[in-house]
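Asker: Sequences are here, hints too, so could you generate the full structure?
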Amino acid sequence: MTPRFVVSQPPECVMKIGLALYPRHLPYRPEPLEELYGSFLDNAVYAEELGYSHVWMGEHHFSPDAWPPSTLVLLTHVAARTSRIRLGTGMLLMPFHHPLRVAEDAIVLDVLSHGRLDLGFSVGSAFHEYRTFNVPMSERLGRTQEGVEVVRRCFTEDRFDHHGKYYDFPDVRMEWYRPVQRPHPPIWIGAFGPKAFAWAGRNGYHINLGYTPLYEQVYLPALEAAGHDPRQAMLNQLVYCHVAPTRTQAWDEAEEGFRWVIEYYQTMTGAPGISDAGPLPPGTLPPLGEFRNTPGIGFGGKFIVGTPDDLTRHLEQVAKTPATHVALALGVAGMSKEQMRRSMELIAERVLPRFHDT
Numbered sequence: 035m036t037p038r039f040v041v042s043q044p045p046e047c048v049m050k051i052g053l054a055l056y057p058r059h060l061p062y063r064p065e066p067l068e069e070l071y072g073s074f075l076d077n078a079v080y081a082e083e084l085g086y087s088h089v090w091m092g093e094h095h096f097s098p099d100a101w102p103p104s105t106l107v108l109l110t111h112v113a114a115r116t117s118r119i120r121l122g123t124g125m126l127l128m129p130f131h132h133p134l135r136v137a138e139d140a141i142v143l144d145v146l147s148h149g150r151l152d153l154g155f156s157v158g159s160a161f162h163e164y165r166t167f168n169v170p171m172s173e174r175l176g177r178t179q180e181g182v183e184v185v186r187r188c189f190t191e192d193r194f195d196h197h198g199k200y201y202d203f204p205d206v207r208m209e210w211y212r213p214v215q216r217p218h219p220p221i222w223i224g225a226f227g228p229k230a231f232a233w234a235g236r237n238g239y240h241i242n243l244g245y246t247p248l249y250e251q252v253y254l255p256a257l258e259a260a261g262h263d264p265r266q267a268m269l270n271q272l273v274y275c276h277v278a279p280t281r282t283q284a285w286d287e288a289e290e291g292f293r294w295v296i297e298y299y300q301t302m303t304g305a306p307g308i309s310d311a312g313p314l315p316p317g318t319l320p321p322l323g324e325f326r327n328t329p330g331i332g333f334g335g336k337f338i339v340g341t342p343d344d345l346t347r348h349l350e351q352v353a354k355t356p357a358t359h360v361a362l363a364l365g366v367a368g369m370s371k372e373q374m375r376r377s378m379e380l381i382a383e384r385v386l387p388r389f390h391d392t
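So in my numbering, spot 184 of the sequence shown is number 218, and the numbers just go up one at a time.
Keep in mind the hints are simulated off the structure, nothing from the lab. Incorrect hints may appear among the rest.
Restraint ranges, calculated between C-beta atoms of paired labels, are given here [stated by the list, open to error]:
no.: 1; residue 1: P98; residue 2: N168; range: 18 to 28 Å
no.: 2; residue 1: Y201; residue 2: R347; range: 41 to 51 Å
no.: 3; residue 1: E258; residue 2: P316; range: 37 to 47 Å
no.: 4; residue 1: E83; residue 2: E250; range: 34 to 44 Å
no.: 5; residue 1: R347; residue 2: D195; range: 45 to 55 Å
no.: 6; residue 1: P98; residue 2: S172; range: 23 to 33 Å
Bear in mind that the values here come from a model prediction, so they are computed numbers and not experimental data. All residues carry an ideal CB built from backbone N, CA and C; glycine is no exception.
Answerer: Take a look at the structure:
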């Protein structure tokens, strides 16, 4: 029998490795949504069979590559087809959501999954999304922080009033609704700057998207100052990767999709790609064929495209940081389902046993 509730616990001293799945197509080579989203669901189920720890998915809106806008809806479908793998929003863009509905939908998902939800939030960065939702980008941090606070209160308080700068909710009654995980599902924050790290630390939230020195300089001191146990802190490292039997094959399968990763963020957010030679601002991306030969090319971190041994060496470096979790971003746009599956299988067979107790 499934227990009535479980207590949220951080992992033991082992790095949990899961997947970050972002189902997308190339804008100039669209795929039917039924196939695109169906492949995502099948891959999430297969990830559980292969022994991955978790599957996270992100959110974007009005995107030319059909990036899914409804993470909780898709994850609820995954919950119905799985029994062990943890399910995460990585990340839910809080400024575009009603906090009470987020809390209610998250509770439903945590209940239906028997306590497997990880709830990640971020401010978002795509200009067009803020314009279309008619939300000033200058309000994104404030709306995120206030919205997440409302969500947390819904998880932990029976009845409350909220009167804030952006939201005003009288007589919120949640005594009949509780998540399975107590006091609430783990809350993760996609933090980039010192304000976000400090806020996450003060509230005892976990850190998503990766390690920076701000983790030790800002986050941990804020965590301890607020009375939280740093041993309970969790840090998720995002790694864009693809593996195949040879580096050439891996790049042949993934180069076009990884190039689109950088082009998407350059176009939608103005964020540059990276390389060993420095940033790659819009208009400077190498063409296909040269892209793969650009040392250190990536977005937010180097793309790891090669053999399972190449990925293992990279994760050995990640393991030297405080990271407790890794989310491998597999299956870039334009890649076939078969290529994605082979990469998942190779990692499960040759990489996971080195880091992850299944």
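Asker: Hints first: check each against the structure and report whether it holds.
Answerer: Hints and how they fare:
1. P98 - N168: 18 to 28 Å: The hint (18 to 28 Å, Cβ to Cβ) holds, given that P98 and N168 are roughly 21 Å apart.
2. Y201 - R347: 41 to 51 Å: At 47 Å between Cβs, range holds.
3. E258 - P316: 37 to 47 Å: Once the Cβ atoms are compared, 41 Å apart, the range 37 to 47 Å for P316 and E258 holds.
4. E83 - E250: 34 to 44 Å: holds (37 Å)
5. R347 - D195: 45 to 55 Å: holds (54 Å)
6. P98 - S172: 23 to 33 Å: Hint holds: Cβ distance 26 Å, inside 23 to 33 Å.
Figure legend: structure checked against the earlier numbered hints; every hint is met.
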